[in-house]
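Residue numbers (full-length UniProt numbering), protein chains in the order written: chain A, 1 to 260; chain B, 1 to 260; chain C, 1 to 260; chain D, 1 to 260.
Everything labelled a hint here was simulated from the structure, so no lab data went into it. Among these hints, one or two may not hold up.
Note: identical chains are not told apart, hence a pair may lie in one copy or across any two.
Mimicking SDA-like on lysine to any residue, the simulated pairs with C-alpha atoms at most 25 Å apart in a straight line are [claimed, not checked]:
{"id": "1", "residue 1": "Lys-98", "residue 2": "Glu-215"}
{"id": "2", "residue 1": "Lys-136", "residue 2": "Thr-245"}
{"id": "3", "residue 1": "Lys-136", "residue 2": "Ala-95"}
{"id": "4", "residue 1": "Lys-252", "residue 2": "Pro-187"}
{"id": "5", "residue 1": "Lys-252", "residue 2": "Glu-215"}
{"id": "6", "residue 1": "Lys-72", "residue 2": "Arg-216"}
{"id": "7", "residue 1": "Lys-72", "residue 2": "Arg-45"}
{"id": "8", "residue 1": "Lys-136", "residue 2": "Pro-94"}
{"id": "9", "residue 1": "Lys-98", "residue 2": "Asn-140"}
In this text the structure is predicted, and so the values were computed from the model without any measurement.
Number of protein chains: 4
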Amino acid sequence: MKILMVGDICGRTGRTALLKYLPGIKKENNIDIAIVNGENSASGRGITKRTLDEIYRAGADIVTSGNHIWDKKEVVNFIDDEPFLVRPANYPEPAPGKGYCIYPFKAKNIGVINLSGRSFMPPMDCPFQKVDYILKKIKNECQIIILDFHAETTSEKIAMGWYLDGRATCVFGTHTHVQTADEQILPQGTAYITDLGMVGPRDSVLGMKKDAVLERFKYGRPVRFEAAEGPAVFSAMLIDVDDQTNKTTAIKRILINEPF
Amino acid sequence: MKILMVGDICGRTGRTALLKYLPGIKKENNIDIAIVNGENSASGRGITKRTLDEIYRAGADIVTSGNHIWDKKEVVNFIDDEPFLVRPANYPEPAPGKGYCIYPFKAKNIGVINLSGRSFMPPMDCPFQKVDYILKKIKNECQIIILDFHAETTSEKIAMGWYLDGRATCVFGTHTHVQTADEQILPQGTAYITDLGMVGPRDSVLGMKKDAVLERFKYGRPVRFEAAEGPAVFSAMLIDVDDQTNKTTAIKRILINEPF
Amino acid sequence: MKILMVGDICGRTGRTALLKYLPGIKKENNIDIAIVNGENSASGRGITKRTLDEIYRAGADIVTSGNHIWDKKEVVNFIDDEPFLVRPANYPEPAPGKGYCIYPFKAKNIGVINLSGRSFMPPMDCPFQKVDYILKKIKNECQIIILDFHAETTSEKIAMGWYLDGRATCVFGTHTHVQTADEQILPQGTAYITDLGMVGPRDSVLGMKKDAVLERFKYGRPVRFEAAEGPAVFSAMLIDVDDQTNKTTAIKRILINEPF
Amino acid sequence: MKILMVGDICGRTGRTALLKYLPGIKKENNIDIAIVNGENSASGRGITKRTLDEIYRAGADIVTSGNHIWDKKEVVNFIDDEPFLVRPANYPEPAPGKGYCIYPFKAKNIGVINLSGRSFMPPMDCPFQKVDYILKKIKNECQIIILDFHAETTSEKIAMGWYLDGRATCVFGTHTHVQTADEQILPQGTAYITDLGMVGPRDSVLGMKKDAVLERFKYGRPVRFEAAEGPAVFSAMLIDVDDQTNKTTAIKRILINEPF
Ligand SMILES: [Fe+2]
Ligand SMILES: [Fe+2]
Ligand SMILES: [Fe+2]
Ligand SMILES: [Fe+2]
Ligand SMILES: [Fe+2]
Ligand SMILES: [Fe+2]
Ligand SMILES: [Fe+2]
Ligand SMILES: [Fe+2]
Chain A
1 MKILMVGDIC GRTGRTALLK YLPGIKKENN IDIAIVNGEN SASGRGITKR
51 TLDEIYRAGA DIVTSGNHIW DKKEVVNFID DEPFLVRPAN YPEPAPGKGY
101 CIYPFKAKNI GVINLSGRSF MPPMDCPFQK VDYILKKIKN ECQIIILDFH
151 AETTSEKIAM GWYLDGRATC VFGTHTHVQT ADEQILPQGT AYITDLGMVG
201 PRDSVLGMKK DAVLERFKYG RPVRFEAAEG PAVFSAMLID VDDQTNKTTA
251 IKRILINEPF
Chain B
1 MKILMVGDIC GRTGRTALLK YLPGIKKENN IDIAIVNGEN SASGRGITKR
51 TLDEIYRAGA DIVTSGNHIW DKKEVVNFID DEPFLVRPAN YPEPAPGKGY
101 CIYPFKAKNI GVINLSGRSF MPPMDCPFQK VDYILKKIKN ECQIIILDFH
151 AETTSEKIAM GWYLDGRATC VFGTHTHVQT ADEQILPQGT AYITDLGMVG
201 PRDSVLGMKK DAVLERFKYG RPVRFEAAEG PAVFSAMLID VDDQTNKTTA
251 IKRILINEPF
Chain C
1 MKILMVGDIC GRTGRTALLK YLPGIKKENN IDIAIVNGEN SASGRGITKR
51 TLDEIYRAGA DIVTSGNHIW DKKEVVNFID DEPFLVRPAN YPEPAPGKGY
101 CIYPFKAKNI GVINLSGRSF MPPMDCPFQK VDYILKKIKN ECQIIILDFH
151 AETTSEKIAM GWYLDGRATC VFGTHTHVQT ADEQILPQGT AYITDLGMVG
201 PRDSVLGMKK DAVLERFKYG RPVRFEAAEG PAVFSAMLID VDDQTNKTTA
251 IKRILINEPF
Chain D
1 MKILMVGDIC GRTGRTALLK YLPGIKKENN IDIAIVNGEN SASGRGITKR
51 TLDEIYRAGA DIVTSGNHIW DKKEVVNFID DEPFLVRPAN YPEPAPGKGY
101 CIYPFKAKNI GVINLSGRSF MPPMDCPFQK VDYILKKIKN ECQIIILDFH
151 AETTSEKIAM GWYLDGRATC VFGTHTHVQT ADEQILPQGT AYITDLGMVG
201 PRDSVLGMKK DAVLERFKYG RPVRFEAAEG PAVFSAMLID VDDQTNKTTA
251 IKRILINEPF
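Isolated chain A (complex conformation):
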């Protein structure tokens, strides 16, 4: 089975790039399932029903998210009705939406979990405890487990990779919007990458107009950030999962940089 994972879709530029590249990549690589992080799809912050639908129309099967999930308030109106839209599972209960979903594909169930890190991020329930709890609940039902670990630091993400090595088919990171080059299959068979990177405007800082971000860094006063535009970067990763063992046998990063 071939599974594609696509990083944080940033604003209109990100959605346009998704629509432009995802169908072709899926076709070329015989992708069975596409998982896309949509937390920044609406103007760089949050997700709306409209941007979610665009992501689905581009070919996503499952949409993950992160700390920006709540930025557009309307999300609470539709998140419970979307079976394959997940938000970090370690928001304290009760929270709108769900932290994992089970996606049926042929004779298998793919459990897709979303968790947030805590290093340099706001307090949350422990992602390590939470993933144990979820795995216990779904491991009999799901042959394949995929985790989108939405976290800031390389240390917390790498630690999670090791923590799930042999227990998940794939652990990928999101949130930093920069693709890392450390994709690998860990010794017990779990595919791992620290960050997928984003799908969004290159001429930007994490998808936002660079002048405003620079002004913020230089002067320390509040500055309004706006989604940038222009040439896009498309960031994704593809894994090949063995039908017998449900472990990853091949892993490939995808990075498309449109010219400046």
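Take the given structure of chain A and dock chains B, C and D with the ligands to it, following the hints.
Chains B, C and D with the ligands only, in chain A's frame:
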């Protein structure tokens, strides 16, 4: 001119890997100058005269560092005597050592600057103000400017890349110990990568034994971290600098993963 | 000379309490100069021309502020025209407004400085370096120096108290909105208190409606904070400055709690 | 019933001051139970069997702690054998020691809970969820509930006060080492103070030698901190609990400053 930049050397495993790979890479690629980040060369934290000398013997010309520079106390005994060992320039004055050095090569001077970020890092002087100040001082003297920006967040690093685009030959990031895949030449000709990644043990979290780090994340109580061992990762980047314009014309990431 | 310092005025409730208590306190205690922190005077976040004027009308002579100074955008339209409104001096240059002012009173000049801390606060220029720089500039002109150190941690504030002991007439803290009981005259004659506390609604968390704040702490999702109302707390401190030595000879906390 | 709560005992100076003042205060005020925070009793960081015993000998009945509880490694050897030594209950399970204890006094049980905050502190389990869980478990058994909320920010502490108003007899804060002046009985009868303050050397920053702390703030390089000495501050709070309602009827801060 060909310049190689090598990421944070982690402990004995990192030093051994440096000695194993650096000479060959230099030879194969006709490297003129090698810049190596040594902040973790002594047991994963800090640098000693002995580990500095090992880094030089492996072929480094200039050694940069970061927040761990002070971890081994003996560093203050020799840092002022080392013309090509630099520490973040934005430590408040007065501080032992220097924040940049000028390395003469053939008819040129290469200014190598080291700065620390401030996002999710301890308070320091502003790296953006500081780099302006240093550039003003050395730009007439130096034809080529290279910055090791030792910082945590992708946003601060990318912002610095844009800030220096056209004013530096290369801006590379260190500190996260994971190589990013976003090496690129920015529109005004500055080579950029968010993080070089480390030279150290793969079976680890950022160079440290993974069980201890995991225990720390899971239980939140203090745990002693020790340098890990085993197969190494070697992370570097190579740029080709035009002799006329002093801008980067080619950029290449280097990532060697020894098998688990 | 008798100088009164009043803590962060929070929203309408705070402004009303200021108007209610300040005139009487000034009269009763023969206050010569009143310094009031106004950073939260406009709906709990920021300051407007209207709320600034209300603070002056209540009897303030000098208005200090802090990290919330920029929250209402109109502040940049009038801050440069207000000779006795100060904002943290360690915002990087150039910034609207000024970080200290010199208030003439009888034959003396009172230098009032505003600085922000950096521990658990956004990056700023170093407040310790900055205060040295300002003192050098104004110490010949000013017989009395007062610092509003707007900071989060007790350690940074206490450190600043010691740093200026003997060099300032008074160092008082603001920002935490809770009055501390550690008012004292340090050995070299500087009056010190870690935090003045706020002037605002008691039935609140730092001036904001408590249910929203609690929801934020419990569930970790974004919640809109609104200024609370109801019975007020009024927090201030009074110092008596010797006319010969310009040192503090007496210090008195003032705390009025309206009944729930 | 009269209950005394004493803030963080800092090093030898703190232990000596405890021995000097606690017995007299207990006698004068007819204290029934004394609760003392011991997290800094061993050289300013951590607790040993010897310093714990000194605290008991000075007259403590129950010893609470905080983030420094693990600093002296020997604590894990004895913490499980100490029925009335508690550490923050929101360390993830399993952790040595216990997060609350039940202290029998005459016909009543006093439940003493210790929790750590999370704002500007390392990740922990949620203190609000945890206190609900503990209260559910012990509320039938305990007539009186006291919480030592060891936390950094005024907002998290005040929020906890409101959260438990009417459900606990007293919520007091520790950790900042500076006594706040906001002691009060909340509308539903819960005694509250944001921070008790410390018992330790005045000529210090939070109990540590001030020169080292200042050097750290000014230069940002690592500095060894040592417990300070000299005149002490003694910080405590006393509540009077109604025998029928188990609510607080009177509250009094105690602050003794030995002269410089
Ligand atoms: Fe995110
Ligand atoms: Fe994102
Ligand atoms: Fe490093
Ligand atoms: Fe570092
Ligand atoms: Fe404030
Ligand atoms: Fe503030
Ligand atoms: Fe503490
Ligand atoms: Fe403490």
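Homomeric proximity label, Lys-72 with Arg-216: Cα distance no greater than 25 Å: Answer is both: 23 Å inside a copy and 17 Å across each meet the 25 Å cutoff.
Within, between, both or neither, where Lys-136 and Thr-245 count as close if Cα-Cα is 25 Å or less: within (19 Å within a copy, 45 Å between copies)
Same-copy or cross-copy closeness of Lys-252 to Glu-215 [CA-CA at most 25 Å]: neither (37 Å within a copy, 31 Å between copies)
Up to 25 Å CA-CA - Pro-187 versus Lys-252, copy category: Answer is within; shortest intra-copy Cα gap is 17 Å, inter-copy 28 Å.
Same-copy or cross-copy closeness of Lys-98 to Glu-215 [CA-CA at most 25 Å]: between (37 Å within a copy, 19 Å between copies)
Within, between, both or neither, where Lys-136 and Ala-95 count as close if Cα-Cα is 25 Å or less: The answer is both: 21 Å in one copy and 22 Å across copies each meet 25 Å.
Intra- versus inter-copy proximity for Asn-140 and Lys-98 (alpha-carbon distance at most 25 Å): For Lys-98 and Asn-140, the Cα distance is within 25 Å only inside one copy (19 Å; across copies 35 Å).
Intra- versus inter-copy proximity for Pro-94 and Lys-136 (alpha-carbon distance at most 25 Å): both (20 Å within a copy, 18 Å between copies)
Identical-chain pair category, Lys-72 with Arg-45, by Cα at 25 Å: Intra 7 Å, inter 22 Å, cutoff 25 Å: intra and inter.
Consistency with the previously given hints fails for number 5 only.
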